[in-house]
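Chemist: Taken in sequence, the protein lines are chains Y and X. Here this note's numbering is used: the first residue of the first sequence is 1, the next is one more, and so on. Here this note's numbering is used: the first residue of the second sequence is 1001, the next is one more, and so on.
Everything labelled a hint here was simulated from the structure, so no lab data went into it. Accuracy of the hints is not assured; some may be wrong.
As the list claims (entries may be wrong) - Just so you have them, the derived chain Y footprint on chain X, three or more residues with Cβ under 8 Å:
| # | region |
| --- | --- |
| 1 | 1046 to 1056 |
| 2 | 1076 to 1082 |
As the list claims (entries may be wrong) - Across the chosen pairs, the derived CB separations fall in these ranges:
| # | chain 1 | residue 1 | chain 2 | residue 2 | range |
| --- | --- | --- | --- | --- | --- |
| 3 | Y | Leu81 | X | Leu1055 | 34 to 40 Å |
| 4 | Y | Leu67 | X | Val1005 | 17 to 23 Å |
| 5 | X | Ser1144 | Y | Leu67 | 53 to 59 Å |
Just so it is clear, CB atoms sit at the ideal spot from N, CA and C, and this is done for glycine as well.
Each chain is listed here by its residues.
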Amino acid sequence: MENFTPIASLVGGILIGLAAAAMMLFNGRVAGISGIFGGILMPAKGELSWRLTFFVGLLVGGLILLLAMPQAFDFTSGRTLAMLAAAGLLVGIGTRLGGGCTSGHGVCGLSRLSLRSLVATMTFMATGAITVFVMRVFFGGAL
Amino acid sequence: MKGQVVAFAAGVVFSVGLGISGMTQPSKVIGFLDFLGNWDPSLAFVMGGAVMVNLIFHRLIMRRQSPLLGAKFHLPTNNAITARVIVGSALFGIGWGLGGFCPGPALTSLVTGAVPVLVFVGSMVAGMYLFRLIENLASQTALSE
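Could you put the whole structure together from the sequences, leaning on the hints where they help?
Modeler: Here it is as structure tokens:
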């Protein structure tokens, strides 16, 4: 537990929650990232502009992080590029098939007390944990 | 126009929150999912903080008939627990544990131009298009039968 960062994680989580609440209060939209991004890749009429603006906001937030706290970006994880390519494919297909990711099902769905989102969240937590376990058994204790 | 400003600001706050919380470090995500190993519970605080705030706000917001800048609330209408949502979430979880990225942190990390991020996001985009392609083919087959 040497990397435990409860305060920073809680503060970050509260910011994420406030951003999601603002999207609902002002625009009536769920801040689900896979849904927003999927709607940019395959736009429906009249549904593109707010998604694009939110996405540009994400990138600008990324730039602010890059300038103000570059240590927020650390991609050393022991995973190879081939693993990351496979992971991206699974995340792309899985979030579209399952109708959401950590933000849409996890943050927004749980806050709405949606049973569907609770099942989704427990499922991806479980398969994520199993995957990490299997990776550690087969590829050693890099992490 | 005001709605666009809110969407932009929300995007900024969202990604800054992801960065501060540790979600843009795949090793922390993997450490969180490593329940049987050297478990790092930090990310439970991310989800906990975000849900706590949103749980309260959602109740208050839903007292309104409509959002401040829009005609109606666009809430998911499909509450069914289907094979789709379970299989999809299972696949997403495998990818999450394998790469240590979920969509938000990966997109936020694009600004670094780092190769692992570009590979992951490129692949995620391909996965989303591939899913659409399969879905279209499946619906065409269903129609022609």
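Chemist: State for each hint whether it applies.
Modeler: These are the hints, each one checked on the structure:
Evaluation of the coverage hint for the region 1046 to 1056 of chain X: fulfilled, as 10 residues show C-beta separations to chain Y shorter than 8 Å, against a requirement of three. Coverage of the region 1076 to 1082 of chain X by chain Y holds in this model, with 5 residues showing a Cβ closer than 8 Å to a Cβ of that chain against a need of three. Checked against the hint of 34 to 40 Å, the pair leucine 81 (chain Y) and leucine 1055 (chain X) passes, with Cβ atoms roughly 39 Å apart. In this structure the hint that leucine 67 (chain Y) and valine 1005 (chain X) lie 17 to 23 Å apart at CB holds, the actual value being about 22 Å.
The hint said 53 to 59 Å for the Cβ distance between serine 1144 (chain X) and leucine 67 (chain Y), and at roughly 55 Å that hint holds.
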